[in-house]
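Note that the protein sequences, when read in sequence, are chains A and B. Using the working numbering, the letters of the first sequence map in sequence onto residues 355 to 510. Using the working numbering, the letters of the second sequence map in sequence onto residues 3 to 163.
If you're looking for bench data, these hints aren't it; they were derived computationally from the structure. What you are looking at is a predicted structure, and each value in this text was computed from that prediction instead of being measured. Any given hint could be a false lead.
[As the list claims (entries may be wrong)] The following label-pair restraints were derived from C-beta to C-beta distances:
#, chain 1, residue 1, chain 2, residue 2, range
1, A, 428, B, 11, 17 to 25 Å
2, A, 486, B, 84, 30 to 38 Å
3, A, 503, B, 27, 19 to 27 Å
4, A, 496, B, 85, 18 to 26 Å
5, B, 74, A, 507, 53 to 61 Å
6, B, 5, A, 466, 41 to 49 Å
7, A, 445, B, 14, 24 to 32 Å
Think of the CB as a built atom: it goes at the ideal place given N, C-alpha and C, for glycine as much as any other residue.
Listed here are the chains, written in short residue letters.
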Amino acid sequence: MSAVANLAAVRRVPGELLLRPAPLVAAAVIAFNDFCLKPRHPGVLSGKLSDIGLCFFFPVFLAAVLEWAAWLLVDLPRSRPLVVRSGLHHAGAAFGALYFVLIKLFPAGARAHVAWLTALVPGKHFRAIADPTDLLCLPIVGLAVWYLARERESSR
Amino acid sequence: MAGRLAHWLKGAASLGAGGLGAMLLLADTSPEHEDCPTLAPFKAEFDFVTDCEALPAQGHVVLDWQGGDPAEAGAVLATQLRSSGLDASSAVASCKEGSSALLGIVFGELGVTRSVICSGMTIPWLGEQPVPCTEREPADAGLQPMPTACTFIVTASAAPP
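Whole structure, please, built from the sequences with the hints as guidance.
Right, here's the structure in full:
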């Protein structure tokens, strides 16, 4: 058995959702778009590609954060291994989709987004613009939901 | 023992991926990774409007103004420019009709010498039908200041030392 297969067979850890090819590809798409495509070939594609990646990556990221929180607050004190909770995955996906809608649809949502990021990382400039056309990417969240469900299946 | 080590390794990899993901999400919201099509409609029509490629080098400041005292809008823009260490050089603004005086005041305050003023909201996210934009001197601005929603895009260059 290869080392990778050995690692996959190891007991599940919180946030393991992020270690699969799909979220890594989504993150790579965002990074490629932000650091390569936008500066060199700006256009409609570069304007939407990050949003496509975000609509997959962000819900999965939130689900992973919630898994970590649940493990630290609930499972670890009881000395038991991670319990995969579908509710947390659904909450991550729902909150991710709702947040995306709020900041893309309402200028006030975009401003609030920038305000709390600025509070989180003082001294760094952030910028977000409400652009309802970005909501065209929202169905990608469905892929994230499907991916999370598949992850739960594989963990049984 | 090996299984335990692998478990810890996987946990560390998961944390690392989460940390990198968080940094990526933050980076995506930084001004230098702004969606470039923002300026595309103006770039096509006016040669001095900076293209996306040049933005990180030349700098720009964007203000989505929801209405209010024009002088305050100018002051906010000026503060943003100063905090960026930039000097205003040219500007694009899109406002509701009848607000060109506001733009004149704001651009005059900033010392902008070349500007495009679009009467009517031509920036797609503001949701109104585009009308032709015109290049004007700030002094040509209208008669009465009319505080209203505007989007200003001020392109700028590094301030002299």
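Going down the list of hints, with the structure as the test:
1. Hint check: residue 428 (chain A) to residue 11 (chain B), Cβ distance near 23 Å, so the stated range 17 to 25 Å holds.
2. Checked against the hint of 30 to 38 Å, the C-beta distance between residue 486 (chain A) and residue 84 (chain B) comes to roughly 32 Å, which is consistent with it.
3. The beta-carbon spacing between residue 503 (chain A) and residue 27 (chain B), approximately 23 Å, falls within the hinted interval of 19 to 27 Å.
4. The hinted range of 18 to 26 Å is not satisfied by residue 496 (chain A) and residue 85 (chain B), whose Cβ atoms lie roughly 41 Å apart.
5. The given range of 53 to 61 Å is respected by residue 74 (chain B) and residue 507 (chain A), whose C-beta atoms sit roughly 56 Å from each other.
6. Between residue 5 (chain B) and residue 466 (chain A) the C-beta distance comes to about 45 Å, which sits within the given range of 41 to 49 Å.
7. About 25 Å separates the C-beta atoms of residue 445 (chain A) and residue 14 (chain B), a value consistent with the hinted range of 24 to 32 Å.
Hint compliance for this structure: hint 4 is the single one not met.
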